[in-house]
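4 protein chains.
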Amino acid sequence: MQEFTKFPTKTGRRSLSRSISQSSTDSYSSAASYTDSSDDEVSPREKQQTNSKGSSNFCVKNIKQAEFGRREIEIAEQDMSALISLRKRAQGEKPLAGAKIVGCTHITAQTAVLIETLCALGAQCRWSACNIYSTQNEVAAALAEAGVAVFAWKGESEDDFWWCIDRCVNMDGWQANMILDDGGDLTHWVYKKYPNVFKKIRGIVEESVTGVHRLYQLSKAGKLCVPAMNVNDSVTKQKFDNLYCCRESILDGLKRTTDVMFGGKQVVVCGYGEVGKGCCAALKALGAIVYITEIDPICALQACMDGFRVVKLNEVIRQVDVVITCTGNKNVVTREHLDRMKNSCIVCNMGHSNTEIDVTSLRTPELTWERVRSQVDHVIWPDGKRVVLLAEGRLLNLSCSTVPTFVLSITATTQALALIELYNAPEGRYKQDVYLLPKKMDEYVASLHLPSFDAHLTELTDDQAKYLGLNKNGPFKPNYYRY
Amino acid sequence: MQEFTKFPTKTGRRSLSRSISQSSTDSYSSAASYTDSSDDEVSPREKQQTNSKGSSNFCVKNIKQAEFGRREIEIAEQDMSALISLRKRAQGEKPLAGAKIVGCTHITAQTAVLIETLCALGAQCRWSACNIYSTQNEVAAALAEAGVAVFAWKGESEDDFWWCIDRCVNMDGWQANMILDDGGDLTHWVYKKYPNVFKKIRGIVEESVTGVHRLYQLSKAGKLCVPAMNVNDSVTKQKFDNLYCCRESILDGLKRTTDVMFGGKQVVVCGYGEVGKGCCAALKALGAIVYITEIDPICALQACMDGFRVVKLNEVIRQVDVVITCTGNKNVVTREHLDRMKNSCIVCNMGHSNTEIDVTSLRTPELTWERVRSQVDHVIWPDGKRVVLLAEGRLLNLSCSTVPTFVLSITATTQALALIELYNAPEGRYKQDVYLLPKKMDEYVASLHLPSFDAHLTELTDDQAKYLGLNKNGPFKPNYYRY
Amino acid sequence: MQEFTKFPTKTGRRSLSRSISQSSTDSYSSAASYTDSSDDEVSPREKQQTNSKGSSNFCVKNIKQAEFGRREIEIAEQDMSALISLRKRAQGEKPLAGAKIVGCTHITAQTAVLIETLCALGAQCRWSACNIYSTQNEVAAALAEAGVAVFAWKGESEDDFWWCIDRCVNMDGWQANMILDDGGDLTHWVYKKYPNVFKKIRGIVEESVTGVHRLYQLSKAGKLCVPAMNVNDSVTKQKFDNLYCCRESILDGLKRTTDVMFGGKQVVVCGYGEVGKGCCAALKALGAIVYITEIDPICALQACMDGFRVVKLNEVIRQVDVVITCTGNKNVVTREHLDRMKNSCIVCNMGHSNTEIDVTSLRTPELTWERVRSQVDHVIWPDGKRVVLLAEGRLLNLSCSTVPTFVLSITATTQALALIELYNAPEGRYKQDVYLLPKKMDEYVASLHLPSFDAHLTELTDDQAKYLGLNKNGPFKPNYYRY
Amino acid sequence: MQEFTKFPTKTGRRSLSRSISQSSTDSYSSAASYTDSSDDEVSPREKQQTNSKGSSNFCVKNIKQAEFGRREIEIAEQDMSALISLRKRAQGEKPLAGAKIVGCTHITAQTAVLIETLCALGAQCRWSACNIYSTQNEVAAALAEAGVAVFAWKGESEDDFWWCIDRCVNMDGWQANMILDDGGDLTHWVYKKYPNVFKKIRGIVEESVTGVHRLYQLSKAGKLCVPAMNVNDSVTKQKFDNLYCCRESILDGLKRTTDVMFGGKQVVVCGYGEVGKGCCAALKALGAIVYITEIDPICALQACMDGFRVVKLNEVIRQVDVVITCTGNKNVVTREHLDRMKNSCIVCNMGHSNTEIDVTSLRTPELTWERVRSQVDHVIWPDGKRVVLLAEGRLLNLSCSTVPTFVLSITATTQALALIELYNAPEGRYKQDVYLLPKKMDEYVASLHLPSFDAHLTELTDDQAKYLGLNKNGPFKPNYYRY
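Protein sequence lines correspond, in order, to chains A, B, C and D. Following UniProt numbering, the numbering of the first sequence begins with 1 at its first residue and continues without gaps. Following UniProt numbering, the numbering of the second sequence begins with 1 at its first residue and continues without gaps. Following UniProt numbering, the numbering of the third sequence begins with 1 at its first residue and continues without gaps. Following UniProt numbering, the numbering of the fourth sequence begins with 1 at its first residue and continues without gaps.
One thing to keep in mind: the hints can contain errors.
Incomplete in silico selection of chain A near chain B, CB under 8 Å [stated by the list, open to error]:
1. L301
2. L313
3. V316
4. V434
Note that these hints are calculated values from the structure, not bench results. Ideal placement from N, C-alpha and C gives every residue a C-beta, glycine not left out.
With the sequences and hints as input, model every part of the structure.
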């Protein structure tokens with residue numbers, strides 16, 4: 001059992017993480033950032049910066065990029081209408097009035113919309129980045145210009161990282177009473193360094209697998225003196241982060257890196273969980289011939305019924321054009337498999353771990369690596385055979401494509417609702433434990449996103465509600481419902 | 001709360017039932033039975049019949065149909081290879097040796113394969129029918145000829161029904177120690193009439209929603225002195241009985257009744273649960289334009305992402321060519337909707353209840369009913385408009401199509417495994433309660449069906465199993481996994 | 001070269017025929033006829049029958065069935081709104097006033113709608129059946145009751161067949177000036193027996209491959225003294241009779257005969273022309289895994305791009321669950337292939353010829369044939385292996401499913417328009433030759449069917465028409481356009 | 001009628017062109033070029049460059065980029081195995097021995113594989129670029145290094161353009177006998193400037209719509225004294241350039257520019273020809289809800305049967321999220337439509353002409369244009385509404401995505417075969433006219449591409465060939481076959 005009190009290094013923490021949403025915005029830095037972190041070698045900690053209202057209560061790369069960042073935020077707002085709608089509905093009553101939120105998330109246009117929503121609902125916010133690379137500097141500048149106390153830039157050192165977190169928490173005359181975390185580092189810092197603050201926190205909202213895992217450990221150890229909400233496992237987030245998001249991004253990731261034609265390609269997808277199901281649906285739809293490998297007979301039976309041949313990897317490895325791992329497992333594609341692939345075979349990973357493809361086994365002297373494009377390596381065998389390795393085996397959709405803003409909107413809306421719920425819950429509703437989001441709130445998040453599709457819900461009549469034994473406003477399904 | 005001790009009438013029980021599997025074989029009588037129940041007016045109870053080995057330990061319509069029934073059983077065996085495989089694997093060890101099973105299910109070629117499997121594994125079986133209409137007489141004859149004590153025929157009276165059940169239980173020198181039930185009538189009979197037998201039963205296996213509901217009531221009332229297994233809610237059964245089975249049968253049910261062309265038809269499907277999802281997938285694939293109505297925002301959001309417009313029924317009722325209900329709710333299609341439909345609109349029900357379409361509202365003097373084919377009525381408005389009502393609003397796929405044997409194989413295999421588990425479980429593993437099938441057995445049922453697809457599972461290496469924290473033989477997923 | 005003057009026997013002619021539309025209504029007799037031809041052994045030729053208006057100018061099985069037949073016609077009218085629309089549009093101007101049409105087609109509810117449309121447009125019609133089995137007796141009765149001179153019944157002898165044709169042509173004081181034919185028998189009869197009538201015919205409309213072939217022969221031989229219209233090769237007819245119709249019917253034909261589950265089934269489809277494309281689209285959509293065999297590299301390349309593996313039959317014959325021929329070729333499935341199929345493999349033919357599967361090779365003593373259902377035979381090998389042969393290798397969709405009325409509407413509308421065109425064409429537009437339908441009329445047929453889908457065409461502006469060099473009313477595509 | 005003898009300006013010619021293949025490589029410059037044309041301001045015409053073998057018989061941007069270009073060519077070769085296979089099959093017999101080919105095409109890695117194939121088959125080649133922007137400088141360098149006389153660079157002036165062409169043709173002691181052209185400029189130059197050379201040309205191969213149009217004009221005018229091959233209208237090229245290529249590229253083009261999520265998006269596609277069919281198939285498969293506008297009732301009927309609602313643009317313009325034009329027409333999307341679109345609506349063009357969207361109408365003072373990314377403009381209405389315009393209305397798939405190498409392989413293989421055919425045809429087979437590629441060669445091109453898919457053709461037996469009246473080696477279909 002990992003000791004919660006040990007400081008994880010940034011590297012260590014990232015390698016533990018399996019959270020899509022945490023890593024997801026990694027990609028934003030590479031795909032959608034327009035600013036160059038190399039333009040200026042002075043550390044932001046050493047700069048004197050002031051926004052147009054005269055405040056210096058922030059630390060960002062370059063406050064002058066605020067206008068550009070504002071435009072990015074505005075573009076994001078257009079696809080986050082659920083959050084804007086929540087902002088409008090709750091703005092009058094200010095459900096977060098009095099809330100003092102410290103946050104630690106990726107800092108991107110999408111999270112900026114979340115932060116500004118929290119402010120609009122009455123909260124005071126202080127914010128740092130949960131990843132040393134993922135901050136969009138221009139967005140941080142726009143937040144700072146708008147008065148948010150943000151401490152983050154792209155390319156922080158590890159020392160910078162903890163310094164930024166500390167600056168959020170440690171402020172004279174201001175004491176946080178809510179935590180919004182992504183990965184658990186902020187929670188950990190408050191727990192260890194400011195135990196008196198920690199005890200008075202009214203609620204923690206955590207979205208990552210890693211962070212949730214750490215909270216459950218703390219809870220088991222009897223040290224969690226605060227109610228916490230696990231938003232990672234809500235239905236909408238899971239379906240969007242996995243099934244739908246992968247259906248959207250697998251084609252994009254492959255095209256941007258290799259310009260491959262999908263029609264007629266033979267593809268083997270390892271794993272037919274939600275991620276695999278999403279990838280297969282898209283690939284089959286575009287004319288690829290897809291094979292599945294599975295360890296779980298139930299998922300294998302689903303693959304059969306969905307029209308895919310279920311094979312062992314060895315059976316097809318010589319004939320396939322593309323290999324995609326979606327397992328969460330390690331060493332699914334071994335050196336032996338790689339040795340048997342045909343020339344030009346593309347290999348990539350859509351799963352959780354960086355070790356699904358045994359990339360280490362390819363770092364041997366007889367193989368030549370040739371970087372042909374960003375994120376694309378040709379690994380060349382002595383006989384001239386080339387295997388096309390994408391993103392060095394890291395997550396393809398996070399490295400080589402973008403995540404639709406709509407998907408992030410679902411997560412952000414869930415986080416906002418969880419904060420409102422914990423902050424306003426009557427004494428005793430939540431104890432010192434980790435909670436799943438109530439199904440009714442999951443349904444509410446979904447309902448806020450329906451107008452984007454111009455979708456119109458049907459309401460139960462009183463008579464029907466009685467017949468079904470349901471409340472007209474939901475929840476509509478038992479907890480174990482599989483969707 | 002329904003009083004468990006009150007005898008439900010056959011009619012009452014059926015109207016309560018929402019079990020697909022219970023009703024499923026209803027259709028078999030109409031679609032696949034080749035024998036005519038009207039050929040002979042003498043009650044089987046009054047006939048003297050003897051099989052070729054001289055036994056009279058049965059009561060069927062006509063023992064002479066045995067050969068024809070045997071052929072039907074053999075045809076069914078070809079699509080139930082999982083059960084045959086289980087038969088072969090376990091035949092040596094006879095895991096049911098000593099088991100004395102009383103059963104009450106539909107009596108069809110498929111259940112005959114189950115019964116004969118139980119016998120092959122060592123059990124003694126006595127069997128009656130759970131539905132007064134669904135018995136395939138020739139199959140019952142074949143079972144009787146093969147030595148099974150079967151008491152069932154098509155067209156039993158209610159008195160016959162209970163007489164048959166009683167003949168199964170009440171036999172000198174033979175005392176049942178296991179119950180396999182579908183609907184709970186047999187269980188109820190033993191519980192009320194033979195309490196001493198009931199106490200010594202080692203296990204009950206129940207597959208229907210109704211029967212499971214009654215067991216939970218008994219359990220709540222503290223009167224269930226026997227462990228019982230709920231096989232209705234196993235993953236494989238649910239997915240096959242709902243999603244896949246409806247995907248297979250919606251087209252068939254519509255074609256057989258109306259010869260409708262699917263291409264370009266506008267269809268509204270009410271409800272996007274598993275049944276709705278199955279129907280929509282098939283209809284969209286064949287070129288229909290599908291609209292969805294939903295009350296649950298999460299299912300509605302899934303419908304959006306899957307490419308369907310989510311509407312209120314009123315928005316599209318004037319324009320659609322087909323209306324299909326899949327809700328489990330009542331009065332989803334009202335007289336008002338029916339009044340607004342266009343000429344030739346087809347209306348049918350794939351859901352659970354017979355009241356999804358308010359058919360009663362159509363029994364008014366100004367409307368003319370015209371039976372144009374079996375299961376097809378034209379309801380004619382004064383202005384000449386015709387609405388095409390299928391199966392009088394009862395379940396389309398059970399009335400107008402057949403259920404693939406493969407689907408029934410999954411249920412039957414699950415039942416057989418549940419019997420083996422309960423019969424062989426060490427003292428104390430199961431208490432006097434209702435249990436869900438252990439996930440590992442659900443996975444085992446799935447694995448037995450993979451060879452039909454020539455599907456090959458991948459095995460975890462020791463190293464991978466350790467990494468994932470899983471046993472190499474499963475179970476592979478947490479209980480809450482959504483598949 | 002077949003001698004046109006030789007009388008083909010009915011058998012001989014049918015075996016030559018590859019026309020979908022000709023054979024299509026074959027299925028109607030089996031699937032949709034409610035009358036029993038065996039109820040009455042007196043030949044219609046010997047009966048005295050009179051309709052309610054006192055006319056005896058017809059010869060049908062039983063005039064008393066007229067009311068039932070009328071209802072069938074009314075049901076058909078609901079799906080033939082294009083024809084009804086044409087009837088309404090042209091009714092005022094009576095474009096067929098003066099036309100005296102002899103027709104020889106299948107006599108079904110759908111052709112009745114065509115015949116009555118021709119009458120409504122001003123024509124006088126005399127009609128016989130093009131197939132000795134396909135007449136729906138009740139429909140013929142309804143036509144007779146309505147005053148059409150119809151000579152046809154189900155189960156004609158060959159002598160009856162020619163007698164009926166002759167009765168249509170040979171009538172005192174009435175001389176045909178137009179021919180509508182399906183198969184060429186009527187045309188042939190007039191050509192041989194009534195050369196003086198033939199010379200004065202203003203046009204022949206022929207819809208079958210066989211009939212068209214015979215017209216081209218006549219034309220080549222310089223003996224076609226009448227303009228003829230080949231409606232078989234119009235775009236809309238081809239696409240609907242092949243691609244769309246097969247997409248609709250392959251699932252239906254397989255389900256009705258075998259109740260097979262499609263999900264996960266391995267299917268090989270021989271031939272990827274329009275018929276094969278339609279079958280594959282439907283099967284893949286329902287979860288089957290489909291392999292293709294092809295002789296033509298272009299069609300093979302399309303199959304690849306559409307996501308199908310292109311194989312030789314031998315490569316997959318041992319593993320597939322279903323074999324479907326769509327080639328127009330002979331002996332595509334040989335005894336050798338049949339010997340290698342696995343147990344329970346289903347074999348059927350969706351192509352043109354009855355010889356695609358070498359059924360003859362299965363008529364050997366060591367194989368046992370067992371008829372298990374109508375149209376379903378088990379062929380049993382000495383080792384017990386069973387192959388499931390459907391419709392004895394004849395066309396599955398015509399033997400075991402129905403053709404949507406909408407498809408027949410397209411053909412019937414095309415025939416009606418071709419008659420109008422030929423009857424009204426100015427002298428000299430058509431010479432003594434076989435013509436394809438002008439593209440503009442093909443487009444008009446399509447446009448008449450759009451309202452069924454509530455589809456709204458966009459009109460070109462003057463400016464756009466000029467830019468594209470098109471007439472605003474079409475035709476919109478060059479003749480070689482592939483659609 | 002355009003006068004062939006008038007020199008079109010480069011601009012004029014490009015705006016006439018509707019050729020996908022011509023324009024297709026436009027995109028390569030933007031999406032796949034790694035070299036920077038701005039690094040060096042000296043005109044290549046003024047540089048002294050020599051390759052490693054001492055030759056100066058070329059003019060490129062920078063011969064030092066040869067190694068990088070060679071790698072690009074090698075990567076392209078991996079997806080052009082049909083051409084490599086042709087190279088290998090014909091290398092021994094050198095079917096182009098003695099051929100002196102002047103070529104004028106895009107100069108990219110893919111055309112380099114073509115050029116080097118022609119050389120390998122025995123030809124001598126001199127090459128220029130058909131577009132002043134599309135040359136991949138590093139590829140031109142690699143060709144020059146390999147000994148090809150190439151005269152081309154990215155960013156030529158119009159004067160440079162004609163200078164390069166002239167340098168290809170005008171060389172002492174070398175006289176071209178074959179022309180490979182894309183657009184007709186080279187052909188025109190030889191025709192006008194070197195009539196004596198023109199007369200002795202043995203054949204012209206032309207791939208673009210524009211060039212083919214010009215050849216037909218020349219032919220009509222009786223001035224084409226050379227046989228020419230129109231490879232633009234071959235089946236394989238058409239299907240790949242339109243249907244399949246658009247199915248592959250529409251998603252890519254939209255994602256790269258807007259990161260839009262497809263699931264649940266309402267999209268209207270104007271035009272349901274091959275381009276529209278390809279776009280719709282991909283969009284529907286990824287969960288979009290697609291509406292169609294059409295002028296042609298036959299295509300409209302196909303859209304209906306394929307499951308799309310056919311509407312007028314005005315009916316849906318207020319509700320859709322994306323508008324895609326695929327018509328070849330002009331002003332399909334007018335300012336009035338644009339005024340009515342909802343906020344954030346994406347508008348783009350996949351058709352042929354740059355005027356499908358009336359972009360000019362958006363250049364008015366009250367609208368603000370904001371360039372938010374490369375190829376992405378927000379056009380902002382006074383009320384704040386933004387319309388997202390892609391590629392300023394130019395072809396999306398050529399501006400914002402790449403064309404799969406496999407597609408280009410089909411065109412290149414067709415060109416090579418056409419050259420071989422014309423060069424080796426016996427006297428008299430081809431006259432002074434424009435020819436379509438013989439179907440047998442179209443089939444041969446297809447067959448060369450089948451090994452990429454590991455597809456195995458079936459061969460006709462003698463008996464079957466006789467039955468079908470076909471040659472065993474093809475051609476297999478009549479010329480009018482629609483595929």
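Evaluation of the provided hints:
1. Taken as an interface hint, A/L301 checks out: its beta carbon lies about 5 Å from the nearest beta carbon of chain B, inside 8 Å.
2. For A/L313, the shortest C-beta to C-beta distance to chain B is roughly 7 Å, which falls under 8 Å, so the interface hint holds.
3. Taking 8 Å as the C-beta cut-off, the interface hint given for A/V316 is violated, the closest approach to chain B being about 10 Å.
4. The criterion of a C-beta within 8 Å of any C-beta in chain B is not met by A/V434, whose closest approach is roughly 15 Å, and the hint is violated.
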